[in-house]
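J.: Could you slot chain B onto chain A? The hints should help.
Respectively, the protein sequence lines represent chains A and B. 2 is the number that my numbering gives to position 2 of the first sequence; each next residue is one higher, with no gaps. 117 is the number that my numbering gives to position 117 of the second sequence; each next residue is one higher, with no gaps.
Honestly, I wouldn't trust all of these hints.
As the list makes no split between identical chains, a pair holds if one copy fits it or if it spans any two.
[Claimed, not checked] In silico lysine-lysine, BS3-like type, Cα no more than 25 Å apart, as pairs:
(1) K104 with K131
(2) K11 with K104
(3) K154 with K104
(4) K131 with K150
Hint data in this document are derived by calculation from the structure and do not stem from the laboratory.
Residues per chain are reported as follows:
Protein chains: 2
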Amino acid sequence: MSAGMRLREAKREDLPTIVRMLADDPLGQQRHRVEDPLPQDYYAAFDAIAASPSNALYVAEIDGAIVGTLQLTFIPGLDYLGAERMMIEAVRVARHRRNAGLGKAILAEAIEIARRRGCQRVELTSSASRKDAHRFYERLGFTASHVGMKLMLK
Amino acid sequence: MSAGMRLREAKREDLPTIVRMLADDPLGQQRHRVEDPLPQDYYAAFDAIAASPSNALYVAEIDGAIVGTLQLTFIPGLDYLGAERMMIEAVRVARHRRNAGLGKAILAEAIEIARRRGCQRVELTSSASRKDAHRFYERLGFTASHVGMKLMLK
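Excised from the complex, chain A in its bound form (with noise of 0.2 Å):
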C-alpha cells in the first residue's frame, strides 16, 4: 500500500538506512560497503548533495519509517531552446515494501516535482541487465530512447 506515503528530503542521520536499501539488490550490493559506522565517504557524498542546488536526495517514508529513496538532479542545458531536465536515480524501494505499488507512487511524486519546477522532461538511465525496471518505467511513459554509455575511472 502507498497511502499515506509522503518524500521529503534526505537527513544525514538517514544515511545508515538509505545505504542498506541501496545494497539490497544484487546490482547494488557490488556499489556499497554496509559497514557500523558507514564509511565516511558516504558522509562526504551526502555533503555534497546537500550543499548543490542541482542535487536532492528524497527518503519516502509512511508512518515516520522509511520505505524508498531516490535521488534527483536538475541539468541545465541549450537544447530544445534551453529546457532544464531532471534526472532520477537510486531509486530503491525497501525489500519489505516492494510489490505493493510504492515504486510507482515514489516516481509519480517525483515526476510531480519535474512538473512544479518546469522540467522540460525527466531521464534516467537503467542497467540494460533489469528488464523489469524498464517495463515499470514505460508503465509510466517513459520510453527507451537512448543509449546509456559509461567509462570507469575507477
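T.: Just chain B, lined up with the frame of chain A:
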C-alpha cells in the same frame, strides 16, 4: 587535424556559434531555433549553466576559431561509496571539421577533466538511432551498459 585544439569554457558571446553547431545535425535541428538574435531562453540557459558549480559548457578552439562544443555535468552520488561522476552531453564538431579526429581529441580532453577532478566514472547517453556515435564512444572505451529512458513533460 586536431593539433592545436584546446578546450575552454564558453563565453556568452559564443552562444550563437554553439547553437548553430548543435542545430546542424539531424536530431539537433528538431531541438533548436537558429535565429538572429537568438531566442532569449538560450541566454537564460547559458546563465544557468555558468552559475552552476556542477555544470560547464565548453568550446573547442583551433587558432581562435570555434570548432566544437560539449557540456559537462558533475553529479555527486552514493553509489560506489559516494563517488562523483561526470556526464557528457551536447557534443558537436563543426560540420566542416568533421572526420579529422577532432571528436576524439575533444572527448579525450573531457575525460582528462574528469580524471583530474577525481571522478569515478564518465557517463553519457546517446540517442538509440546514433549508431555511429555508439561505435565512436566504444572505441574510446565506453561500454553500452545502460538503457536511457525519457519522459517528455513539455
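J.: Hint by hint, note whether the structure agrees.
T.: Taking the hints in turn, this is what the structure says about them:
no.: 1; hint: K104 with K131; verdict: within (16 Å within a copy, 32 Å between copies)
no.: 2; hint: K11 with K104; verdict: within (23 Å within a copy, 42 Å between copies)
no.: 3; hint: K154 with K104; verdict: between (34 Å within a copy, 21 Å between copies)
no.: 4; hint: K131 with K150; verdict: both (19 Å within a copy, 16 Å between copies)
Violated hints: none; the structure is consistent with every hint.
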